[in-house]
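Student: So you can see what is in the structure, the chains are spelled out below.
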Amino acid sequence: MSTGHAQTRRLALFGTKGVVSRCRDFTEQALADWGWRTTGPEEEYDVVEDVLLLVSELVTNACLHAGGPEELTLSHFGNRLRVEVTDPDPRPPSRRAQSDLTQPGGHGLIILERLAQRWGSQARGTGKVVWLEVWLSPGPGRPGRRP
Amino acid sequence: MVSGATRQSGEEPAAGGERFGVVTRQRGDTVVLSLSGELDHDTAEPLRGALAQQVRLGTKRILVDCGGLRFCDSTGLNVLLHGRLDAREVDGRVDLAALRPPVARMLEITGANAVFRVYAGVEEALADERSV
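Taken in order, these protein sequences are the chains called P and R. Numbered per our numbering, the first sequence spans residues 25 to 171. Numbered per our numbering, the second sequence spans residues 580 to 711.
The reader is advised that the hints may include incorrect statements.
[Said to hold, decoys possible] Some chain R residues flagged as far from chain P (calculated, every beta-carbon gap over 10 Å):
{"id": "1", "residue": "Arg598"}
{"id": "2", "residue": "Ser615"}
{"id": "3", "residue": "Arg635"}
{"id": "4", "residue": "Asp652"}
[Said to hold, decoys possible] Covered stretches of chain P (in silico footprint by chain R; criterion: 3 or more residues with CB under 8 Å from a CB of chain R, positions within the stretch not fixed):
{"id": "5", "stretch": "38-52"}
{"id": "6", "stretch": "84-91"}
{"id": "7", "stretch": "132-145"}
Derived by calculation from the structure, the hints in this document are not laboratory data. Cβ atoms here follow ideal geometry from the backbone N, Cα and C, with glycine treated the same way.
When you get a sec, could you build the whole thing from the sequences and use the hints?
Tutor: This is the structure:
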């Protein structure tokens, strides 16, 4: 694993058909190339699965609420992974929490809050970027991990 | 035991592509929907169609067999929650069985594992007479 400088991969996206699974495949390949496995010790396996779920949620949100994702960027610095999804809609994502868990909707936000170390959005060009960060490697006190 | 196995792909067989499949089987009074692959925004339509069909038919118990489901995100969960609410309208229920670790974890994180009755396997679910 690189520790000194960031490694970055970008995937340009067009339309919404099939993009969610394509982004997961792209992410899974990048994590494998960066030394993260989808099999092996449970700890690492879970981190990869968590990242794939988070990528799915960000990209789906852009498809449903923000005019479709334009680009997925993965940046790997040391033990940290940053995921960015750009879209053409300048409005920040809703942080509406769902209080009734039996009702559809709002669960993607719960996943983001629970599994991402931190996340947010900022204006970029005429649209925005929604980003999140996850600690990839084992280390003390990784928030966002299973309690 | 297994009768009437049909592949449900909604109106458009290609909708789920090779990434997702749902097979419907009648098992006594229960209809088992066996899922395979990855359930997300790209592939949700066949499951939405299969659940809606069972609700239209007035099926009292729909058991979603997740044994072949490798991945499910909040969009997939929403389809299951909608199916559950629609089934309740006709006095039916939706139960889940055979969750793989990534799917079980997603349900645990979102709290949805408390919304559904979750069984270790299909046979355990079918043997539970509370639900029939």
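Student: Against this structure, judge whether each hint is valid.
Tutor: Comparing the hints with the structure gives:
Annotated as non-interface, Arg598 of chain R brings its C-beta within 10 Å of a C-beta of chain P; the closest such distance is 6 Å. The claim that Ser615 of chain R lies off the interface holds: its Cβ sits roughly 14 Å from the closest Cβ of chain P, which is beyond the 10 Å cut-off. Even its closest Cβ contact with chain P, about 19 Å, leaves Arg635 of chain R beyond 10 Å, as expected for a residue assigned away from the interface. Separation of Asp652 of chain R from chain P is inadequate, the least Cβ-Cβ distance of about 4 Å not exceeding the 10 Å criterion.
Note: the stretch 38-52 of chain P has 7 residues with beta-carbon separation from chain R under 8 Å; the three-residue rule is met and the coverage holds. Only residues whose C-beta sits within less than 8 Å of a C-beta in chain R count toward coverage, and the stretch 84-91 of chain P has 3 of them, enough to reach three; the restraint holds. With 5 residues carrying a beta carbon less than 8 Å from a beta carbon of chain R, the stretch 132-145 of chain P meets the three-residue requirement, and the given coverage holds.
In terms of the numbered hints stated before, the structure departs from hints 1 and 4, listed from lowest to highest.
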